[in-house]
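Q: Got chain A sorted already, so can you dock chain B onto it with the hints?
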Amino acid sequence: MNIKEGHRYRILWWVLVCITASGSNIWAAASWVGNDKPYRSIQAAVHASLRGDTVYITKGFYKEGNIIIDKPIAVIGIGKPVLDGELKHEILSVKADSVYIKGLQLQNCGRAVMNDQAAVKVYDSKNVVVEGNTLLDNFFGIYLQYSKHCIIKNNFVKATQEKEYQSGNGIHCWKSDSLQIIGNRILGHRDGIYFEFVTESVIWRNIAKNNLRYGLHFMFSHKNAYFTNYFKNNGAGVAVMFTKKVVMMNNTFEENWGDAAYGVLFKELSDCYLSGNKFYRNTTGIFFDGSSRITAERNLFAANGWGMRLQASCMDIVIAQNNFTGNTFDVATNGTLTLNKFYENYWDKYEGYDIDKDKVGDVPYHPLSLFSMIVEKNPPAMLLYRSFMVTLLDKSEKVLPSLTSDEFVDKKPSMIPYTL
Amino acid sequence: MIRILKYVAIDILKNKIVIAYTIMLALFSWSAFSLEDNSSKGLLTVLNIVLLTVPLVSVLFSTIYVYNSNEFIELLVSHPVKRSMIWKALFIGLSLSLVTAYVIGVGIPLLIFADWATGLIMILSGALLSVIFVAIAFLSCIVTRDKAKGIGVSIMLWLYFALLFDGLVLFLFFQFADYPIEKVVVFLSALSPIDLCRILILLRLDVSAMMGYTGAIFKNFFGNNIGLVFSFSLLALWIIVPFFFSLRKFKKKDL
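So the protein sequences, as listed, match chains A and B.
What the first sequence shows, in our numbering, is residues 18 to 437, in sequence order.
What the second sequence shows, in our numbering, is residues -4 to 250, in sequence order.
Derived by calculation from the structure, the hints in this document are not laboratory data.
Each hint should be verified, as a subset may be incorrect.
[To be verified] Reference excerpt, derived from the structure (chain A facing chain B, CB under 8 angstroms, subset only):
#1 58
#2 60
#3 61
#4 65
#5 80
#6 229
#7 230
#8 323
#9 328
#10 329
#11 343
#12 346
#13 397
#14 401
#15 406
#16 407
[Said to hold, decoys possible] Derived Cβ-Cβ restraints for the label pairs, each shown as a range:
#17 B:19 x A:376: 34 to 44 angstroms
#18 B:220 x A:293: 17 to 27 angstroms
#19 A:179 x B:115: 30 to 40 angstroms
Even glycine gets a Cβ: it sits at the ideal position worked out from N, Cα and C.
Excised from the complex, chain A in its bound form (with noise of 0.2 angstroms):
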């Protein structure tokens, strides 16, 4: 009896099923586009197409100016068609939700500082996956704001503008959510990855090398992580401001050269955690300003000019566990008042013992040098720097510090480099 009725309402389900299936648009239809194609252009594809709906773009060349997508269709690339926005038009507009891009070559769009054109612009959406595209000398790239739930993933981003101005980013987020960027590749923008007011999303795997300005840019944006990213050679490194509650673990960061140029920029940040991070033949590997509550751990600090520059405006950041190798500075800092705590550091300018063999030096180390404080008043003086007279003062001064703030202090240095 039981058995029987089970049957029977599987039945009913599937009747259900079928008659809302027909009633809707279940099994989507795919439109072609192409020389040869039921269709010549992409608009007019997009435009014949209900929800759920694929068109396929088959290899050709498309000037077709501005493509609005505002229903949630796959637009799909086959062979890589280009699409040229002639240096005059937003190539791919897309308002509408769950809509998905892939695998197209999407070049030269417009250049209109009033409406920031991008190759791609995301409007008011959500679920929108941009996957697998090519996308050359635009300016911007991909642009996203009010949207959320969207998927940035494995997409070539170049421009190759030459000036600032002329150029926009990469990666522009507004005021969205929830988004993921991965895999991407971004060169010789203004920004690799910019972002404003963007919540709760992940940064993973990107390669961000040299854009004009930063590598990443973000602002007002908080609870993001960001993991696994690579910034290099960007013409100001990477610059991140006025948010809470970012994470960045296992990010390279690699020379980024010049006075005004950060391994990363920490200004006004709060609640953070690094680690696993590597900070390689940068001018400054962290500048930190006007941060608090930040835990940075178990990071690399290599080659460096200055490891680490620590305003004093900073307080109740923890810099424990890092290895600071080969840098020209260690750390260096503006002023006397020092909030912030070092501990277990491994420093190979130290230059205690350790005699009890526990594997954490036996003397505190000062990581400030006094001539890092005379340079970070006199910056010429840098040309000074290994002279006879130089090192005579620094070695004066790490015997009896008197000039450098005592707080700042390693009082358990490790002896050995930690495994990174």
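A: This is chain B only, laid out in the frame that chain A set:
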């Protein structure tokens, strides 16, 4: 000239001091590289050898040697050889032996342990410093006949270039902190061969820091190829000018 050069070279070899100097340099630099856990720290030790020891030994040894060869010089002058030949042969003999000592003692470990470009710049600047301080020694020898005075002048000059000059520049920095003195400083640094060499090496060792604020100015000036040529020609000038003055004086000197 070649024959005089040969006599001078054999005499210096017999002296054994240069051989001891070679061994000392080699010991210092090998131990510097093998005792430190990374080569960049070893480089700093070698840098100090290049900037302090090499000039000191060059200037002292040459001064004393020239004073001691006084009788030899007098003997040669009585022969039909040009005076300038004698002086040049002496200079070249001394420079060659000191440069060889430096290249064998410091150059080989540098090439093995340091990266290629940095090693080469250090070898080149150390060799040039050796020759420069030989030239300075020749000048101080010719200025006074009194041996003690001559050696005193040499030591004072070394002290000035190696230690006091930096102190003076640092003092200037503090006095004129409010003024844009970067360019003046670049000019000033050309006034001391040791400083010039130090900056050339610094631009390799601390490249990240030198790319900072003023770094750009220095890097633009010293770092590119034209700057490099310029700095090395300045160093060459530091050899030519003191030696030229000493030669002029030697030609007219009443021995």
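Q: Work down the list of hints and note, for each, if the structure agrees.
A: Tested hints:
Given the 8 angstroms rule on beta carbons, the hint for residue 58 of chain A is violated: about 51 angstroms separates it from the nearest Cβ of chain B. Below 8 angstroms, beta-carbon pairs count as interface contacts, and residue 60 of chain A has none with chain B, the closest being about 49 angstroms; its hint is therefore violated. Residue-level restraint check for residue 61 of chain A is violated (minimum Cβ-Cβ distance to chain B is 54 angstroms; threshold 8 angstroms). Taken as an interface hint, residue 65 of chain A does not check out: its beta carbon lies about 57 angstroms from the nearest beta carbon of chain B, beyond 8 angstroms.
Restraint check, residue 80 of chain A versus chain B: the minimum CB separation of about 44 angstroms is more than 8 angstroms; hint violated. With a least beta-carbon distance of about 17 angstroms to chain B, the hint placing residue 229 of chain A at the interface is violated under the 8 angstroms criterion. Residue-level restraint check for residue 230 of chain A is violated (minimum Cβ-Cβ distance to chain B is 17 angstroms; threshold 8 angstroms). Below 8 angstroms, beta-carbon pairs count as interface contacts, and residue 323 of chain A has one with chain B at about 7 angstroms; its hint therefore holds.
Among the interface hints, the one on residue 328 of chain A is violated; its C-beta lies about 16 angstroms from the nearest C-beta in chain B, farther than the 8 angstroms criterion. A least Cβ separation of about 19 angstroms between residue 329 of chain A and chain B goes past the 8 angstroms threshold, and the interface hint is therefore violated. Because the beta carbon of residue 343 of chain A sits about 5 angstroms from the nearest beta carbon in chain B, less than 8 angstroms, this interface hint is met. Here the hint on residue 346 of chain A is kept, as its CB sits about 7 angstroms from the closest CB of chain B, short of 8 angstroms.
Of the supplied interface hints, the one on residue 397 of chain A holds, with its beta-carbon coming within about 5 angstroms of a beta-carbon of chain B, less than 8 angstroms. The interface hint given for residue 401 of chain A holds, since its Cβ lies 6 angstroms from the closest Cβ of chain B, which is under the 8 angstroms cut-off. With a least beta-carbon distance of about 4 angstroms to chain B, the hint placing residue 406 of chain A at the interface is held under the 8 angstroms criterion. With 8 angstroms as the threshold, the beta carbon of residue 407 of chain A comes within range of chain B, its nearest partner Cβ sitting at about 7 angstroms, so the hint holds.
Hint check: residue 19 of chain B to residue 376 of chain A, Cβ distance near 36 angstroms, so the stated range 34 to 44 angstroms holds. One distance hint, 17 to 27 angstroms for the beta-carbon pair residue 220 of chain B and residue 293 of chain A, is violated here, with the actual separation near 39 angstroms. Between residue 179 of chain A and residue 115 of chain B the C-beta distance comes to about 34 angstroms, which sits within the given range of 30 to 40 angstroms.
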